[in-house]
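Kindly produce the complete structure, drawing on both the sequences and the hints.
Protein chains: 2
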Amino acid sequence: MATGRTHRPATRSRGIPEATVARLPLYLRALTALSERSVPTVSSEELATAAGVNSAKLRKDFSYLGSYGTRGVGYDVEYLVYQISRELGLTQDWPVVIVGIGNLGAALANYGGFASRGFRVAALIDADPTMAGKPVAGIPVQHTDELEKIITDNGVSIGVIATPAGAAQQVCDRLVAAGITSILNFAPTVLSVPDGVDVRKVDLSIELQILAFHEQRKAGEDVAVPEEGAAAAVPPPPVAPHRAPPGATAADSGRQGPDGDVPAVMPA
Amino acid sequence: MATGRTHRPATRSRGIPEATVARLPLYLRALTALSERSVPTVSSEELATAAGVNSAKLRKDFSYLGSYGTRGVGYDVEYLVYQISRELGLTQDWPVVIVGIGNLGAALANYGGFASRGFRVAALIDADPTMAGKPVAGIPVQHTDELEKIITDNGVSIGVIATPAGAAQQVCDRLVAAGITSILNFAPTVLSVPDGVDVRKVDLSIELQILAFHEQRKAGEDVAVPEEGAAAAVPPPPVAPHRAPPGATAADSGRQGPDGDVPAVMPA
DNA sequence: CCCTGTGAAGATCTTCACAGCA
DNA sequence: TGCTGTGAAGATCTTCACAGGG
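Here the protein sequences line up with chains G and D, keeping their order.
Under the working numbering, the residues of the first sequence are numbered 1 to 268, in order.
Under the working numbering, the residues of the second sequence are numbered 1 to 268, in order.
By construction, these hints were calculated from the structure, which means they are not laboratory data.
Be a bit skeptical, because a hint or two may be false.
Which copy is meant is left open, because identical chains are indistinguishable; a pair holds if it fits in one copy or across any two.
As the list claims (entries may be wrong) - List time: in silico PhoX-like cross-link candidates among lysine-lysine, alpha-carbon distance up to 25 Å:
no., residue 1, residue 2
1, K134, K149
2, K60, K134
3, K149, K218
4, K201, K218
Since the structure is predicted, the reported quantities are computational estimates derived from the model, not experimental observations.
If you want it as C-alpha cells, here you go:
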C-alpha cells in the first residue's frame, strides 16, 4: 500500500516496443565495431549475426525507427550508428553517480564501457567516512552526506546503486528525493519508487540460478523423470496447510542456511 | 555459418515457461526473507508485493510447478522455498569457475549471494602470470594454463567470464572444450557456442542505455516532438546508399570516439 | 535478382475474472 | 468467506513469407 509503484517503465514509450529498445544497444555495439573497421554497409543478415539475433527480428526492429536501409544493398553503418545513438539518447551526455563503492562499485567506476556510450561518472558516493577523499578510478569518493548536493549541482538524473541490500531502499529514497529519475540497481532487493522513476535491476545470483535450472534439465535428460518419488530423505509434507514444521525442511543439503539475500559483502 | 548457435536455452525446458523460470529466483529471495522472519504462510498477494510482481502472475507461475498452496489460506513458506529450490536445481551444489580476475572478477568472487544459493566458487582463473597464487576472496588465483585441469578435476559445469571483450570468445571456447555447458558472460561480446551450451549475458552498458532511452523520453515529453528537424549541425544524409562519408558523421558530440566495446579495463 | 520493409500468422506472456476447495 | 488455481481474453513479441524498390 505505502510502497508505491515498482519496476518497469510501463508500456512502450512512443511506438518502439520495449523488446526492440532492449536490443538497440546490441545493434549499436555491433555497428560500432564495423565502423571501426571502416565497413561502409551491412546487410540485415550480417548485422544480425554480429549482434546475435536473427535477421527478421533485426529488420522488424529497424522498421520501428524508420526506413534507414537501402533495398538491394543494406544499411549504411555510420548513418545507422547515428540514428540508433540518437534514438537511445546517446547523443547527449549523461552524468551518473555510483553509490556504494565496494568491490562492485569500484569495478563499475573503472568500467570503460560507460564513457564510450555517453555516460560520465560524475561522482562516487559511499557511506564509509574513511573512504571519503580516496580516489577510485581517478575520482575521489565523497561521503553520503553530500549526496543531495552532488546530484543537484551536477544535474544528475541517473543513479547506480551498488550498496549492500540493507541500505539500498534508503539510498534509493534519497536519490529520488534529490531528483534522480532512473536507477540501475545492483542490490538484491525490490526497490519501491514513485511513478515516473525507472528502475532496472541486475542480479548476478538470479542469472546463475536460471543457468542452474537449465543445467539441471540437461543432466536429468537421460535419468528418466526424477519428478516426485526420488529424494527419499528430505521432501517435506506435500500438504501441510497450517503451521508446517518451521525447523528443518529446507536446511537439508547444508546450503540455504543463515544468509538470505541481505548479508553479502557486495551485492552484484 | 561456422559460428554455431548463440544464446537462449531454446524453447522451454519441460513445461515451465522461460518467463516463469526467470522469476522463480525472485520469489525464492522473497520467501527466504520471510522464512528468516519465521513467517509460516503468505498469500499470493503478499508474496507478489514482496517480489515486485502482481499476484495473478505469481499464481500463474506457481501453477506450473504444481498446486502447492492451500485455498483460503495461502502458501506454506518453508514448503515453497523447498519446492522452488528443487525446481531451480539449487538443492545440489554447483561448482563455478570465474575467469578474468580484474575489478569485476574480484567483485564476483567476493559476492556473498553465490554460496547462499548453492553456488561454490571452485576456482579463480586469470591470464596474468603475476596474479597466480595471489588470494582473492580467500581463493588463490590460478593461471589460465590450468583451466582444463581445474574444470575436469572439479567437475565444473558453470563458468563465469569476466575477461576483457577481446579474450572472451577464446576463453569461452576453452571452457566449452573442457566440458562447461553453462556460461554467464560479462564481456561485451556475442559468444558463439555449440548447441547444448547455454549462455546468459550481463552487460551494464546495455542497462544504462535502456535507462537513457526512457530518460530522454521523459525530458522530451513537453518539448514537442524533436523527431527530425532539430539538431541542425549533425544529422547525416538521410539517403546515402553507396559509400557514405566514412570520416565524421558519428563523432560529433565528442563521444562514441575511439573505444568501441573491446577496450574497457573491465567488462561489466 | 538482392535485400529491405512489413502485413499476417504464430508463439509467448500477461491479465482478467471466476469456479471451486478449505 | 478467503484465497488458490486456471480457462479464456488480451497484449506483446517473434517468425514467416513476400511485395516492391534499387
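How the hints compare with the structure:
1. K134 - K149: within (19 Å within a copy, 40 Å between copies)
2. K60 - K134: Neither way: K60 and K134 sit 48 Å apart in one copy and 50 Å across, limit 25 Å.
3. K149 - K218: For K149 and K218, only the inter-copy Cα distance (23 Å) is at most 25 Å; the intra-copy one is 52 Å.
4. K201 - K218: between (28 Å within a copy, 20 Å between copies)
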